[in-house]
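S.K.: Top to bottom, those sequences are chains A and B.
In this text, residue positions in the first sequence follow the working numbering: the first is 61, and each later residue adds one.
In this text, residue positions in the second sequence follow the working numbering: the first is 772, and each later residue adds one.
Simulated from the structure, these hints should not be mistaken for laboratory data.
One or more hints might be untrue.
[Unchecked claim] Restraint-style ranges between C-beta atoms, simulated for each label pair: (1) B:Glu997 with A:Glu351: 55 to 63 angstroms; (2) A:Glu185 with B:Glu957: 54 to 62 angstroms; (3) A:Thr265 with B:His978: 47 to 55 angstroms; (4) A:Val359 with B:Glu864: 39 to 47 angstroms; (5) A:Gly125 with B:Glu864: 17 to 25 angstroms; (6) A:Thr203 with B:Trp889: 30 to 38 angstroms; (7) B:Gln1056 with A:Glu185: 52 to 60 angstroms; (8) A:Glu185 with B:Gln958: 28 to 36 angstroms; (9) A:Glu185 with B:Asp1140: 51 to 59 angstroms; (10) B:Thr1135 with A:Thr265: 56 to 64 angstroms; (11) A:Glu289 with B:Trp889: 54 to 62 angstroms.
Ideal placement from N, C-alpha and C gives every residue a C-beta, glycine not left out.
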Amino acid sequence: MSAAPQLAQAPLACSEECLMRPGNTNCGGCGMSVGLTFLSRALKETGQTCQLVIPACCGIVTAGGYPTTGYSVPVLASTFASAAAFAAGAAAVRDLNGESHHVICWAGDGGTYDIGMATISAAAERNDNILYICYDNEIYGNTGGQRSSATPIGARTTTTPSGKIEGKKDIMAIMAAHRIPYAATLSIAHPDDFTRKMKTALAMTGFRFLLIHSPCPTGWKSEPGESIELVRLAVDAGLFPVYEVFDGWRYRINVRPRGGDVREYYRRQNRFPADAIDFDAVRAEIDRHNERLARLAQVFPAAE
Amino acid sequence: MTLELVTGNHAAGYALAAAGEANRFARGAACGIYPITPQTEIVEYVAKFPFSKGRVIAVESEHSAMGVSIGAAMAGARAFTASSSNGLAYMTENIMVAGFYRLPIVLAAVNRTLGPPWNIWADQGDTLYLRDFPCIQLYCETNQEVLDSTLLAFRLAEDRRILLPVMVIMDAFILSHTQTETDLPEQALVDEFLPPLSLPHRLNFDHPATIGGLTWPRETLSQRVEIDEAFERVPAAYEEHRAEFRRLLGRDPGGAISAEATEDAETVLVASGTIASTAREAVRQRRRRGERIGFVKMKMFRPFPGEALLQACPNARKFGVLDRDYAAGLGGVWWHDLRAALQGRRDGAIVQGYLTGVCGGDVTPDMIDEVIDDLLERRSAGKPVWKGIDR
Chain A
61 MSAAPQLAQA PLACSEECLM RPGNTNCGGC GMSVGLTFLS RALKETGQTC QLVIPACCGI
121 VTAGGYPTTG YSVPVLASTF ASAAAFAAGA AAVRDLNGES HHVICWAGDG GTYDIGMATI
181 SAAAERNDNI LYICYDNEIY GNTGGQRSSA TPIGARTTTT PSGKIEGKKD IMAIMAAHRI
241 PYAATLSIAH PDDFTRKMKT ALAMTGFRFL LIHSPCPTGW KSEPGESIEL VRLAVDAGLF
301 PVYEVFDGWR YRINVRPRGG DVREYYRRQN RFPADAIDFD AVRAEIDRHN ERLARLAQVF
361 PAAE
Chain B
772 MTLELVTGNH AAGYALAAAG EANRFARGAA CGIYPITPQT EIVEYVAKFP FSKGRVIAVE
832 SEHSAMGVSI GAAMAGARAF TASSSNGLAY MTENIMVAGF YRLPIVLAAV NRTLGPPWNI
892 WADQGDTLYL RDFPCIQLYC ETNQEVLDST LLAFRLAEDR RILLPVMVIM DAFILSHTQT
952 ETDLPEQALV DEFLPPLSLP HRLNFDHPAT IGGLTWPRET LSQRVEIDEA FERVPAAYEE
1012 HRAEFRRLLG RDPGGAISAE ATEDAETVLV ASGTIASTAR EAVRQRRRRG ERIGFVKMKM
1072 FRPFPGEALL QACPNARKFG VLDRDYAAGL GGVWWHDLRA ALQGRRDGAI VQGYLTGVCG
1132 GDVTPDMIDE VIDDLLERRS AGKPVWKGID R
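Please model the complete structure; the sequences and the hints are all you need to start from.
M.R.: Here it is in structure tokens:
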């Protein structure tokens, strides 16, 4: 009997060896799920493993109902504000015992930009040996879509029914101000760059911060099938700059905006009221932000 | 035996550090710490202790101090922290988590009046308000008792039949900042009393569970029932570890309650913390005058040792309870729990509450004498009586 034809290697997503196992109830088009798969791949390719600390967010719902778990690694659910503190304790004991696994916080923007801010700031200031990953879907997703300080200007949420008046908090500037070894923004539309930076973070010690632009069709009122396209548009238009910061002051732009039409990004999401966005103001803000980053990368370039 | 003049804070810090050090051949010790008057010297002591295998992380809030200790305990280390007053209030969410996660964390608590206003003096309200959480509470009367109870607390907390956090509690300044002669046991003795910690449910890769994720009502309920069963086992387990402490360290760390002259007493005065010292002496003087009054010191608050108290006071029909705390709209918490414990088991008993030294005021022998006079004359219980008010 001849050997069965070799099937193409199935992608890691949702396989038994993936961080995120089959059977989870995550929404279609969920950026967080893609992020977990990429994290899983980066860990596997570098031969590493991790424990996860997850505060209240979709990431803990991913685990499913007790006593089963959707994760293939040990997971500790933390109180909403405490992910970085729980992780600091677990990482300290890991280091005391000479163990090599990563302790990774996997948190949404609510637990990072808002309620967890003081805890994260303290862990970053102490340069605790943890990897903190924020999947930023710009909304309190679990609770049905309320504003967070990561919600962009103009977005309608259940607590900003007419659109948010304030702009999005620049958390990368905040984290860079802590002079942590590594901070980077990641887009699931740029998987090679995404994985490379995951691996960079996994190869370092100290407090590392990764920010993932994480589409949420439920909250963004967008088509699940367009999630990747949406975040690609955000990168192309310069709305989500893809860059990394070393030690808080050396910058590198990883993906240059290609002058994409920002209106298209807004038009495809029903969270943005069609007539309420001042696109001139949005573009001006995008230009200011990208120019600032470009200059930083020019004047204080990351070592090759 | 090494007798030294130390404060209650020093005694607590010494015991926490020695207990952490005793775990050096297992997964070590780690904790988060944050200062607040009047407990600050406890965390300072821990911060400067030269652990062989330990890590002390100075964090930005009490909430995170307990958070770090939870992470450390979940990773298998011996963990502890300390706080007071609004610090305990701020830490509350994670104290609750330590209990629900069945983590044997020891929390040294120095009773300070909750604010506002800004009042740093002794009041048990900051720990008694945590009464509904899965956390054993032990109240201390002397610096020696603080030290001994702290060591005992680790053994009790880490007992696999129990696995609950334990709070060891002392009065602000009266103990925390007052030096008294205290025996500081050598590390070797502490090592012997506290075997290496092995947490059965610590994070591990052989069994990668998600701890604390979505859990259905039925499963959550069974976890709560297990906590209830663990609390049921505390009195007996406490006595075992107390006996072992006596055997190894040659000293009695004290029972859940300590009764004096209660066998024949019809009237019993009940107190906790440092008020117990003053109250005990006042009762002794009355005994010498032939008055049939007894005294009970309450050390354990959770679980509430109502059964032990009833057994120790077989003839008591009148109880006076001294509370250095005030639960708004209710009265004293000890008084309230004692009333509940007596319900249907000592019918007709009079249980009268006295609010003494609330918000940090002095509780003098004269004040206790007034309380005893009032109690002896009573024919029925009334509203809790406020003491020490001048207006």
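S.K.: Failing hints, ascending?
M.R.: Of the numbered hints, 2 and 3 do not hold.
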